[in-house]
Amino acid sequence: MSNSVKTEEKTTSATPGTPPHHQPKDPSSYLSHLELGERDQTYLDTDELILNMGPQHPATHGVLRVILKLDGEKVLGTECIIGYLHRGVEKIAENRTYTMFNPYVDRMDYVAAVSNGLGYCEAVEKLLNVEAPPRAKYIRVILTELNRLASHQLWLGTHALDIGAITPLFYTFRDREEILKIFEKYCGARLTTHAFRIGGCQYETYDGFEQDVVKFLDFFTPKIDEYEGLLTTNRIWVDRTKGVGKISAEDCIALGVTGPVLRASGVKWDLRKAQPYAAYPDFEFQIPTGTNGDTYDRYLVRMQEMRQSVRILRQAIGRIPEGPIMAKVPKVMKPPVGEIYHSIEAPKGELGYFIVSDGSTQPYRVRVRPPSFINLQALDVMVRGQLVADVIAVIGTLDIVLGEVDR
Amino acid sequence: MSGLKQRYGSGIREASTYLGQNYLVVDSSIIADVLRIFEDEYDFDYCVDITAVHYPKREKQFDVIWILYSFEHNQRVRVKTMIADGDTVPSAVSIWPAANWLEREVYDMFGIRFEGHPDLKRILLPDDWKGHPLRKDYGIIQQDQDWVKANLGIESAQ
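Which chain is which? The protein sequence lines are A and B, in order.
Per the working numbering, residue 1 is the first one in the first sequence, and the count goes up by one each step.
Per the working numbering, residue 1 is the first one in the second sequence, and the count goes up by one each step.
To be clear, the hints were calculated from the coordinates, so they are not data collected in a lab.
Keep in mind it's a predicted model, so treat the numbers as computed, not measured.
Even for Gly, the Cβ is constructed at its ideal location relative to N, Cα and C.
A couple of the hints might just be wrong.
[Stated by the list, open to error] Just so you have them, the derived chain A footprint on chain B, three or more residues with Cβ under 8 Å:
no.	segment
1	10-18
2	40-47
3	62-75
4	123-129
5	141-149
[Said to hold, decoys possible] For lysine to any residue, the following SDA-like pairs were computed, each having C-alpha atoms within a straight-line distance of at most 20 Å:
no.	chain 1	residue 1	chain 2	residue 2
6	B	K5	B	Y107
7	A	K91	B	G139
8	A	K268	B	K130
9	A	K91	B	V148
10	A	K91	B	K130
11	A	K91	B	D137
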């Protein structure tokens with residue numbers, strides 16, 4: 001992989017179709033060109049240079065390798081080298097039954113395993129034409145929102161640490177522990193929970209589940225203020241994040257970026273509202289949006305999202321309906337021949353599953369549309385013209401999990 | 001949809017709904033035009049995903065699938081075409097820049113080449129890896145033995 005830096009030739013469109021009536025941006029402007037410029041002939045010796053960052057770098061959140069083309073400290077272009085964590089999840093799926101594949105999805109975005117499970121279970125349910133009972137849907141929403149909080153807490157802690165603020169990490173990990181304890185009490189696992197089954201939930205809530213969640217919410221609500229007290233008006237934080245890694249709404253849509261990054265650029269779009277799933281239509285909540293699309297706005301959006309998640313949890317916990325937690329699903333699942341695409345709003349963006357059934361017990365093809373993978377593609381556009389130190393900030397603000405990027 | 005059918009006739013093989021989801025099967029000769037029309041005329045401005053499915057027993061072995069979404073209409077559509085092994089598909093990078101990595105992944109996993117892609121190379125597997133793992137004839141424990149020996153210095157990675 002040593003010569004992966006190579007010249008990207010500008011291409012002309014191969015599609016002879018009708019000329020577009022609106023030409024927002026030259027498509028090639030989204031591509032970086034990593035060839036070095038002319039050698040500097042003056043005594044100043046200001047040549048452009050290529051710098052390798054990662055894959056073993058604490059601030060790349062895993063094993064991400066970025067090749068940077070620099071002019072001094074200014075970034076002129078980047079290229080991401082990924083795949084170090086590729087485990088062939090999609091291939092594994094084709095060799096497992098629908099039920100057996102369920103725990104594997106937790107290993108993609110391992111900090112938001114519950115969301116992965118929800119997306120997969122709902123997709124297979126749609127294919128089987130069954131619906132989870134209302135009680136299961138509520139339990140799903142509660143656990144998923146708790147997981148969103150945990151994911152955002154981990155993001156906040158590590159992102160702030162990358163930028164140089166060490167304290168938030170201890171705060172967020174201390175509080176995240178309480179969520180993981182609830183998961184552990186519910187299903188025995190803290191990270192890769194495998195909380196849901198196709199057709200509902202495997203486990204009934206334990207005695208005192210509601211009280212635990214309410215206790216956590218009472219404990220956690222002032223903690224968000226505490227995090228904000230550490231950062232929101234902190235001079236260093238504002239200097240390091242405001243105006244850094246700006247991306248416009250237009251670029252976000254062109255690059256397929258979703259989740260908090262898209263919302264921070266001002267697009268009010270959240271799959272929980274746009275195409276509701278599980279029990280989300282029952283709850284009142286808002287979609288926080290930003291205006292500038294910079295790192296600071298993405299921080300604010302995620303902080304607001306935590307407050308909205310608390311709001312959803314408070315509504316859900318008070319009115320979990322009684323009833324069964326599993327729908328009637330056959331022991332041997334053989335979904336009818338067909339295809340389905342189902343996506344949910346994971347903490348990182350749109351997480352989709354495209355499943356093809358050939359009528360047998362094993363999926364013919366499972367395609368995961370990972371939000372981290374597609375959001376990472378925007379890194380190049382976001383860091384061009386910024387400083388090397390800002391690359392770290394932007395990787396943090398994109399909130400990628402390499403387990404999901406590489407699958 | 002009906003506008004498309006009028007314009008292309010039998011080029012649109014199938015336009016239907018399954019489990020409430022719209023999909024369209026089009027002939028591979030007009031796929032470039034159809035994708036462009038979806039972006040330009042029907043406001044499908046967000047390319048959600050590009051993927052493929054391998055059917056080794058068919059004459060046209062691969063399904064290539066584009067999942068598109070329109071923010072304006074809050075609607076999703078799947079566009080599908082079938083191609084034979086070795087055929088190329090027009091790249092959608094000039095329509096949706098998001099297609100760049102998605103097409104590279106399809107190439108990496110299936111060996112389907114996208115005509116006009118600015119930098120079509122492997123994305124998840126090493127550049128000099130042999131074989132395309134998501135093809136059905138690629139075994140679950142199969143690997144590029146030579147690559148493993150040369151780069152990891154071990155007999156097998158299994």
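Taking the hints in turn, this is what the structure says about them:
Under the rule that three or more residues need a Cβ within less than 8 Å of chain A, the assignment of the segment 10-18 of chain B is violated, with 1 such residues. Counting residues of the segment 40-47 of chain B whose C-beta lies closer than 8 Å to any C-beta of chain A gives 4; at least three are required, and the coverage claim holds. Restraint check on the segment 62-75 of chain B versus chain A: 4 residues with Cβ-Cβ distances below 8 Å, three needed, restraint holds. Check on the segment 123-129 of chain B: 5 of its residues sit with their Cβ under 8 Å from a Cβ of chain A, so the three-residue criterion for coverage holds.
Coverage of the segment 141-149 of chain B by chain A is violated. Counting CB-CB distances below 8 Å, 0 residues qualify, and the rule asks for three or more. The hinted pair formed by B/K5 and B/Y107 fails the criterion: a straight-line CA distance of about 30 Å is larger than 20 Å. Distance hint between A/K91 and B/G139 is fulfilled; the C-alpha atoms sit about 9 Å from each other, no more than 20 Å. Using a Cα cut-off of 20 Å, the hinted pair A/K268 and B/K130 is violated, with the two alpha carbons roughly 44 Å apart.
Simply put, A/K91 and B/V148 have alpha-carbon atoms about 19 Å apart, close enough for the 20 Å limit, and the pair holds. At roughly 16 Å between alpha-carbon atoms, A/K91 and B/K130 fall within 20 Å of each other, so this suggested pair holds. Taking the CA atoms of A/K91 and B/D137, the gap is near 12 Å; set against the 20 Å cutoff, the hint holds.
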